[in-house]
Amino acid sequence: HCVCKFSLRPWNRLAVVREGNEYRQKDMVRAWRECTIDNRVTRVAWLNRSTILYAGNDKWCLDPRVVLLSNTQTQYSIEIQNVDVYDEGPYTCSVQTDNHPKTSRVHLIVQVSPKIVEISSDISINEGNNISLTCIATGRPEPTVTWRHISPKAVGFVSEDEYLEIQGITREQSGDYECSASNDVAAPVVRRVKVTVNYPPYISEAKGTGVPVGQKGTLQCEASAVPSAEFQWYKDDKRLIEGKKGVKVENRPFLSKLIFFNVSEHDYGNYTCVASNKLGHTNASIMLFEVKTTALTPWKGPGAISEVSNGTSRRAGCIWLLPLLVLHLLLKF
-19 HCVCKFSLRP WNRLAVVREG NEYRQKDMVR AWRECTIDNR VTRVAWLNRS TILYAGNDKW
41 CLDPRVVLLS NTQTQYSIEI QNVDVYDEGP YTCSVQTDNH PKTSRVHLIV QVSPKIVEIS
101 SDISINEGNN ISLTCIATGR PEPTVTWRHI SPKAVGFVSE DEYLEIQGIT REQSGDYECS
161 ASNDVAAPVV RRVKVTVNYP PYISEAKGTG VPVGQKGTLQ CEASAVPSAE FQWYKDDKRL
221 IEGKKGVKVE NRPFLSKLIF FNVSEHDYGN YTCVASNKLG HTNASIMLFE VKTTALTPWK
281 GPGAISEVSN GTSRRAGCIW LLPLLVLHLL LKF
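Numbering (the working numbering), first residue to last: -19 to 313.
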């Protein structure tokens, strides 16, 4: 009588999963097959499909990973080291007794952790165009591939497929896109693709100022654009050049300031801020106007008297002093 067992034991850090009468084993493990026999057995052998691996103590295969563990009157077992997907399939323990041969068959299914083998490169695209991102993954069982937009405004997955198609992309859809491949064999693997959406400048704020003569004044122009906008300032169709006496242009990636260190009468007027990049340009008019100082309306430095933002004027005088002055006059008389 013979009872053949097919056993799998983990190697390194990977575990064994058994389902029904099939044995599933993750990659990078070793498997050993044990056949329990008795003293009526005259011949024993292990086969993989029709290929003889071992017959008794004799090794028939050339694979160095296959080794004989034991061949006794009660046990006949072999081991396969560094199991890979090519080892998957049926294995047969064949036993010859005094009466007739008997066999027992088991099936090995090798599980492989997911691996992303191909993914799109980072991409730069103009707003309104279409894009297609690709993420190809391998593994056993076949991994599930999902795409997710890494953005504070993004909610959940944007695609549950190897391919992500975006029609008419917008600037809000720029950022990192994460591809995840999972098959429950190991932790999911993730890769990211950076999508840059280019768009022409948009002036989000154009801020004017009212300043007394002799004080410091600043005009401010803020623009959103990809690539970042380049700024230019004009007055009466004449471009203001950096280094002009008493005037400084201070540019940052999304902000430009026109600074007057000592405002004179001829500095007052309408200025034009122009923001441009390779996709286009836009402009906004910004006013620098005079504010007369009075005894009741002292200023606290440049721009403190009044400001203009998007055409709206605001006066910040010390109006609260008026009631005190009236009270003082009444008490005096």
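Read the hints as simulated data drawn from the structure, not as lab findings.
C-beta: ideal position from N, C-alpha, C; glycine also.
Check before you lean on any hint, since a few could be wrong.
[Claimed, not checked] Once the Cα atoms are required to be at most 20 Å apart in a straight line, the calculated PhoX-like pairs of lysine-lysine come out as: (1) Lys228 to Lys258; (2) Lys218 to Lys237; (3) Lys218 to Lys228; (4) Lys237 to Lys187; (5) Lys39 to Lys95; (6) Lys215 to Lys187; (7) Lys196 to Lys272; (8) Lys225 to Lys215; (9) Lys196 to Lys174; (10) Lys225 to Lys237; (11) Lys258 to Lys224; (12) Lys258 to Lys196; (13) Lys196 to Lys225; (14) Lys215 to Lys228; (15) Lys228 to Lys196; (16) Lys82 to Lys95.
[To be verified] Across the chosen pairs, the derived CB separations fall in these ranges: (17) Glu98 to Asn37: 34 to 40 Å; (18) Tyr214 to Arg172: 22 to 28 Å; (19) Gly226 to Gly260: 30 to 36 Å; (20) Val65 to Gly36: 26 to 32 Å.
### Message
So if I understand the rule, the pair passes when the alpha-carbon distance is 20 Å or less; does lysine 82 with lysine 95 pass?
### Response
It is violated: about 41 Å lies between the C-alpha atoms, which goes past 20 Å.
### Message
Hint check: lysine 215 vs lysine 187, CA-CA at most 20 Å. Holds or violated?
### Response
This hinted pair holds, its Cα atoms lying about 15 Å apart.
### Message
Against the range 30 to 36 Å, how does the distance between the Cβ atoms of glycine 226 and glycine 260 compare: consistent or not?
### Response
32 Å, holds
### Query
CA of lysine 237 to CA of lysine 187, is that 20 Å or under?
10 Å, holds
### Message
Tell me if the beta carbons of tyrosine 214 and arginine 172 are separated by a distance inside 22 to 28 Å.
### Response
The hinted range 22 to 28 Å is violated for tyrosine 214 and arginine 172, with Cβ atoms some 42 Å apart.
### Task
Check the following: the C-beta atoms of valine 65 and glycine 36 are separated by a distance inside 26 to 32 Å.
About 29 Å separates the Cβ atoms of valine 65 and glycine 36, which means 26 to 32 Å holds.
### Message
Against the 20 Å threshold, does the CA-CA distance of lysine 225 and lysine 237 hold or violate the hint?
### Response
16 Å, holds
### Query
Does lysine 258 pair with lysine 196 here, judged by a C-alpha cut-off of 20 Å?
Violated, at roughly 34 Å.
### Message
With the threshold set at 20 Å, check whether the alpha-carbon distance from lysine 218 to lysine 228 stays at or below it.
### Response
Satisfied, since the Cα-Cα distance of roughly 15 Å is no more than 20 Å.
### Task
For the pair we were handed, lysine 225 and lysine 215, check the Cα-Cα distance against 20 Å.
15 Å, holds
### Task
Quickly compare the C-alpha distance for lysine 39 and lysine 95 to 20 Å and report which way the hint goes.
Not OK: lysine 39 and lysine 95 at ~35 Å, beyond 20 Å, violated.
#### Entry: Pair hint lysine 215 and lysine 228, alpha-carbon separation not exceeding 20 Å
Holds, at roughly 14 Å.
Of the numbered hints stated above, those contradicted by the structure are hints 1, 5, 9, 11, 12, 16, 17, 18, listed in ascending order.
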